[in-house]
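**Q** Use the sequences and the hints to build the structure in full.
As given, the protein sequences belong to chains A and B, one line each in that order.
Residues in the first sequence are numbered consecutively from 1, following the numbering used here.
Residues in the second sequence are numbered consecutively from 647, following the numbering used here.
Where hints are given, some of them may not hold.
With a straight-line cut-off of 25 Å between C-alpha atoms, the simulated DSS-like cross-links for lysine-lysine are [stated by the list, open to error]:
1. A:K85 x B:K657
2. A:K550 x B:K657
3. A:K185 x A:K32
Rather than coming from a laboratory, the hints here were simulated on the basis of the structure.
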Amino acid sequence: MTRLNARIPEGPLAEKWTAYKSGSKLVNPNNKRKLDIIVIGTGLAGASAAASLGQLGYNVKVFCYQDTPRRAHSIAAQGGINAAKNYPNDGDSAYRLFYDTIKGGDYRAREANVYRLAQVSNQIIDLCVAQGVPFAREYSGLLTNRSFGGAQVSRTFYARGQTGQQLLLGAYSALSRQIAAGTVKLYNRRDVLDMVLVDGKARGIIARNLVTGEIERHAAHAVVLANGGYGNVFFLSTNAMGSNVTPAWSAYRKGAMFANPSFTQIHPTCIPVHGDAQSKLTLMSESLRNDGRIWVPAKMKDVEKLRNKEIKPSDIAEADRDYYLERRYPAFGNLVPRDVASRAAKERCDAGFGVGSTGVAVFLDFADAIKRKGHDAIDSLYGNLFQMYEQIVAESPYETPMMIYPAVHYTMGGLWVDYELMTTIPGLYAIGECNFSDHGANRLGASALMQGLADGYFVLPYTIGNYLANEIHTPRFDTASSEFNLAAQAVTDRLQQIKNSGGKESVDNFHRRLGKIMWEYCGMARNDAGLTEALYQITELRHEYSRGVKIPGRLDEYNPEVEKACRVADFIELGELMVRDAQQRRESCGGHFREEYQTSEGEALRNDDEFAFVGAWEYRGRDVAAELHREELQFNEIKLSQRSYK
Amino acid sequence: MNFTLKIWRQKNVTAKGEMVSYDVSGISPDSSFFEMLDTLNQKLITTDGDPVAFDHDCREGICGTCSLYINGRPHGPVKGVTTCQLHMRAFKDGDTIFIEPWRAKAFPVVRDLVVDRSALDKIIQAGGYVSVNTGGVPDANTIPVPKEKSDAAFDAATCIGCGACVAACSNAAAMLFIGAKVSHLALLPQGRVEAAKRVQNMVACMDELGFGNCSNTYACESDCPKGISVTNIARMNREFLGAKLFSEKEKVIKESL
Numbered sequence: 001m002t003r004l005n006a007r008i009p010e011g012p013l014a015e016k017w018t019a020y021k022s023g024s025k026l027v028n029p030n031n032k033r034k035l036d037i038i039v040i041g042t043g044l045a046g047a048s049a050a051a052s053l054g055q056l057g058y059n060v061k062v063f064c065y066q067d068t069p070r071r072a073h074s075i076a077a078q079g080g081i082n083a084a085k086n087y088p089n090d091g092d093s094a095y096r097l098f099y100d101t102i103k104g105g106d107y108r109a110r111e112a113n114v115y116r117l118a119q120v121s122n123q124i125i126d127l128c129v130a131q132g133v134p135f136a137r138e139y140s141g142l143l144t145n146r147s148f149g150g151a152q153v154s155r156t157f158y159a160r161g162q163t164g165q166q167l168l169l170g171a172y173s174a175l176s177r178q179i180a181a182g183t184v185k186l187y188n189r190r191d192v193l194d195m196v197l198v199d200g201k202a203r204g205i206i207a208r209n210l211v212t213g214e215i216e217r218h219a220a221h222a223v224v225l226a227n228g229g230y231g232n233v234f235f236l237s238t239n240a241m242g243s244n245v246t247p248a249w250s251a252y253r254k255g256a257m258f259a260n261p262s263f264t265q266i267h268p269t270c271i272p273v274h275g276d277a278q279s280k281l282t283l284m285s286e287s288l289r290n291d292g293r294i295w296v297p298a299k300m301k302d303v304e305k306l307r308n309k310e311i312k313p314s315d316i317a318e319a320d321r322d323y324y325l326e327r328r329y330p331a332f333g334n335l336v337p338r339d340v341a342s343r344a345a346k347e348r349c350d351a352g353f354g355v356g357s358t359g360v361a362v363f364l365d366f367a368d369a370i371k372r373k374g375h376d377a378i379d380s381l382y383g384n385l386f387q388m389y390e391q392i393v394a395e396s397p398y399e400t401p402m403m404i405y406p407a408v409h410y411t412m413g414g415l416w417v418d419y420e421l422m423t424t425i426p427g428l429y430a431i432g433e434c435n436f437s438d439h440g441a442n443r444l445g446a447s448a449l450m451q452g453l454a455d456g457y458f459v460l461p462y463t464i465g466n467y468l469a470n471e472i473h474t475p476r477f478d479t480a481s482s483e484f485n486l487a488a489q490a491v492t493d494r495l496q497q498i499k500n501s502g503g504k505e506s507v508d509n510f511h512r513r514l515g516k517i518m519w520e521y522c523g524m525a526r527n528d529a530g531l532t533e534a535l536y537q538i539t540e541l542r543h544e545y546s547r548g549v550k551i552p553g554r555l556d557e558y559n560p561e562v563e564k565a566c567r568v569a570d571f572i573e574l575g576e577l578m579v580r581d582a583q584q585r586r587e588s589c590g591g592h593f594r595e596e597y598q599t600s601e602g603e604a605l606r607n608d609d610e611f612a613f614v615g616a617w618e619y620r621g622r623d624v625a626a627e628l629h630r631e632e633l634q635f636n637e638i639k640l641s642q643r644s645y646k
Numbered sequence: 647m648n649f650t651l652k653i654w655r656q657k658n659v660t661a662k663g664e665m666v667s668y669d670v671s672g673i674s675p676d677s678s679f680f681e682m683l684d685t686l687n688q689k690l691i692t693t694d695g696d697p698v699a700f701d702h703d704c705r706e707g708i709c710g711t712c713s714l715y716i717n718g719r720p721h722g723p724v725k726g727v728t729t730c731q732l733h734m735r736a737f738k739d740g741d742t743i744f745i746e747p748w749r750a751k752a753f754p755v756v757r758d759l760v761v762d763r764s765a766l767d768k769i770i771q772a773g774g775y776v777s778v779n780t781g782g783v784p785d786a787n788t789i790p791v792p793k794e795k796s797d798a799a800f801d802a803a804t805c806i807g808c809g810a811c812v813a814a815c816s817n818a819a820a821m822l823f824i825g826a827k828v829s830h831l832a833l834l835p836q837g838r839v840e841a842a843k844r845v846q847n848m849v850a851c852m853d854e855l856g857f858g859n860c861s862n863t864y865a866c867e868s869d870c871p872k873g874i875s876v877t878n879i880a881r882m883n884r885e886f887l888g889a890k891l892f893s894e895k896e897k898v899i900k901e902s903l
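**A** Here it is as structure tokens:
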């Protein structure tokens, strides 16, 4: 029944990538010049891919919705990037990084892809340093590392709390160099609204120029999606306001399968929600958990006194504090993986021990670390994060503990891809967060940057050649062909339809309503009855949206409401698929926690006999339920066990 | 909290703009400046008005997309923050707040408060990189970099490319932006190799794009949300002079041969 073939190379795990590279087809430099590639998105994955492909000699067109490629949301990643360099001599290796990633993902990722990721991780660090990325260094002048959740070695390279920014600026500089060289052409302020297929292969896109509203057609021999994650389906998330699923979703509608959509990551350390006008949530880096201790009061009377502002957090005696992560998980303590830490915070708040004015927050306390290491040392490690916290909350973490609560941060699910990062549409690739590939049901900290750059710099440039080698006789495409006409017309019609829906409610209102449904029923904890309810409510919302949304202004001008309207329409459809996926997966794993399936201690209870598969959904039409395909996961190297961080 | 907003409205790059007055009420002091503008826009949308266009994205102070000129200062009254990190508690209840786009010849208005800053991309394309290819680089620890240098490079590299320095400068100069990139790369051994060529190309590009000369007022440093220091401009000037002298000397030597 399944059409899914991951095309994993034969041979021992550690030799698969080398074997693949030796056996894959090449395109000679003269032919590369005749081949066009479209890259959508300029985050770590998109920018690094576009720069590397341009350098190889392909003709690259790169698209982003931002005014410049340097602003993609990878820029906001704080903590770091993992690599198996083993510089600290603490026992790290590619195998260990691979093992931690598979285990951290709760055994729902593909072994071969993850092993390759671990293998190329070291090259990323080498390249970034050569580009001038100012990673943190020791006084010896050599690079330094820190530890991160889900690992017992220190393998995380970082640039203060702005690692994503520095890595993205590195990729952006490489991209700028190629733009100057003429190998890459930049299309900024563009939304990519549809994929164009010719004879079943990806051959181009339909984009909307956000400044003029013009509908543009672009053809290519291959299309690479690097449009990031879809966390904004929850309305409130740590994603940028413009982050969206639209390019990936248009690919899904054209036949690319969407895998594990319900696998979303709720990050444990974010600044809690303050009120109804809130537009986004801000992350506080996981690296803070290296030195911060998470706690809530152990006694209900202290909780009440805190809420009535009768006492300060520091008034609560050590013995009356519940350092619940250290209590429940002595081996990993505050450094348990994100899903575990998030659920534990929810458990305490649900039990009534939450702090802050809403009772939906826990403390992240640096008092001990400041005492132990000194104010200056803490400042050099986390200075900018503390500052950011103070700007938002108007409290200094040097004086009083931070208050944090989990928030939607990352999506492990995404377009299904094979070993070559190709979707189920030939010639259409998905890289970085927008594919489902490497993180299983939960991503470890500092692994997103690693995956984005691995895909863009070191994987795709090889694998895409294997496809394009067969395309050297394919001439450039005419964008006046019937396929392009049809796709462009469909986009125009859809925009007209949204514009003319004649409703009264703003796009943001619908988006907020969708977010509430998703957070309530498909967030940190899910159950069958709730998911059924969510399905019903989302279907209602979709119908209301089609006749009730109000778009001011015109289509042929700079109009942010039009941009949002397309994105939210897609989020509503995606929300429905996420719920269906969460419902079919009758087990708990990683970030997907089904209340019906837990151990007596409240830990996620996997069901490997029935659910050790990737669930990939195939679009069957707007009002028809999507069809589930399974890619069974083979674990040859790693023995499946219950994840324990105790 | 309640506010009166005076906002610059302009249909497109060729249209004539004007300040228009709006009232907003019931704003939480914990709201960000953009959440306040969101509230205004929601009201405008549901009352058949025309929502105000403004650039914003990450809303956590790092992407550099936001760009408002608030009460005569880029990113508003609080030092060291971008507009998206500005909270309404920084204002007094009942205040009148003036909101304008960045004003600079090199940054044409797209609509309302949105400007086109692609000139900054062009400057980076002129040389703001190390010419290294993917692949074929040495191990990351082959070249030690003194921590002090690396830290100084990092400080310069934290520029978010928002353009506040240009908006703050009476000459609309981009010296701080370029100075930061030139310094970041010139301080590192990896970037040193091309330092002379880089600074000359970037400065030449800046001149072509219509940015003005340094006003020597330090307004750029004062209004930079990331606290980029003007010492970076001094370093750029040194690099530039050195590069010029060196290329002059080379010319003389070549001619004498």
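**Q** Now tell me if each hint is right for this structure.
**A** Evaluation of the provided hints:
no.	hint	in the structure
1	A:K85 x B:K657	violated, 54 Å
2	A:K550 x B:K657	holds, 20 Å
3	A:K185 x A:K32	holds, 16 Å
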